[in-house]
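Sequences are here, hints too, so could you generate the full structure?
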Amino acid sequence: MYPSDMVVISANENPLGPAQSALTALCSTAASGGRYHEEEYAKTIDVFNEQYGLKSGYSAFFPGSSGPLDLALMSNLSPDKPLVYADPSYEQGPLAADTMKAQKFPIPLTSTYAHDVKAMLKAHPSPGAYYVVNPNNPTGTVTPKADLVWLVKNKPKGSVVIIDEAYQHFSDAESCLDLVAQDQDVIVLRTFSKIYGMAGLRAGFAVARPDLLERFNTVGVPYLSLASPSITSAVAARASLQDKELVPLRKKINADVREETLAFLAKHGYKTIPGSQGNMFLVDVQRPGREFQHAMLKENVAIGRTWASMPQYVRVTVGTKAEMSKFESAFVKCMDMAPGSANGAQLHLPDFAVPSELLRA
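Per the numbering used here, the very first residue in the sequence shown carries number -2; after that it's consecutive.
Don't read these hints as lab results, they were simulated from the structure. Yeah, the Cβ is synthetic: ideal placement off N, Cα and C, and Gly gets one too. You may find that some hints are simply not true.
[Said to hold, decoys possible] Below, computed lysine-lysine pairings styled on DSSO-like, alpha-carbon distance capped at 27 Å: (1) K119 with K101; (2) K241 with K268; (3) K142 with K241; (4) K268 with K323; (5) K142 with K154; (6) K248 with K154; (7) K330 with K318; (8) K249 with K142.
[Stated by the list, open to error] Quick list of simulated restraints, FRET-style, between CB atoms: (9) L13 with G155: 40 to 50 Å; (10) V329 with L13: 37 to 47 Å; (11) L92 with G272: 40 to 50 Å.
Given below as structure tokens:
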């Protein structure tokens, strides 16, 4: 557990939490939590489908998006069906490939930090799946929809394109949900953990043709037995979808704070990966990122992890304006420390002090 005054900007959580509309719906429904209320799940699915022009049976509601992401990946991977994915990107893709004993083909991002879809296509003649995170985690950068449409149209028959849109609402990126409506070989994941601020409440969608959703059942037990969200999560998710002001307002709040923080870092000569449209960014700390994480913890600020392909960059989640002000002060102080000076007892802080959203599935 963290001290109550620690700034926690490490796991891409939304510091604003659930919207008031979601809280009102949640509180008014909690007393009915002694029953399963499948009709509430169905109502939430209906609202989602109506908003995105999806036919019945093309979406499935889950407690979060981590579970359905694993099902989407693992139901399309095997020892003879590899995974092609970007590097760096969210690690759940290659972890699922390891579980299924599938070959992995990591493809570096382009010079603009987009997914290199042409290189991804060349990586293997018949992969089981291409995994795309858009906007990407950890860079926050966007791959143009035209590139993703090209990948879908040119991929080998039998391969599936899995598009993780966890951060889509923060960005100007075009969603690929319409590709599902067009019956393409596409699975799109959506979560309520990010812009909707429901990471601890757990709600998410897998969106795909019914046959691709049915394939989830080939991985362990039937997915419906694993996928019963709480009634409170269902009504909170539905209220969030129906709150017309929520997404544009939170998108602006996040963008304003993110850009202010990036401007501060640039003014002081620190290097960041350009083009983030998410609620996170990568910054070069000019030393092993893990060392810098521990130095920041000593300043009461928990930042995110590093990626093997960019070991001197750390990921920072966008917090509130007040939290980012504390981050800025701590960051300058830690950057002024000579590399390697955060050692000894500092480096032996317990691993759980640097949380990962991978552990919050």
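Against the structure, the hints come out as follows:
no., hint, result
1, K119 with K101, "holds (13 Å)"
2, K241 with K268, "violated (36 Å)"
3, K142 with K241, "holds (24 Å)"
4, K268 with K323, "holds (19 Å)"
5, K142 with K154, "holds (20 Å)"
6, K248 with K154, "violated (37 Å)"
7, K330 with K318, "holds (19 Å)"
8, K249 with K142, "holds (22 Å)"
9, L13 with G155: 40 to 50 Å, "holds (42 Å)"
10, V329 with L13: 37 to 47 Å, "violated (26 Å)"
11, L92 with G272: 40 to 50 Å, "violated (26 Å)"
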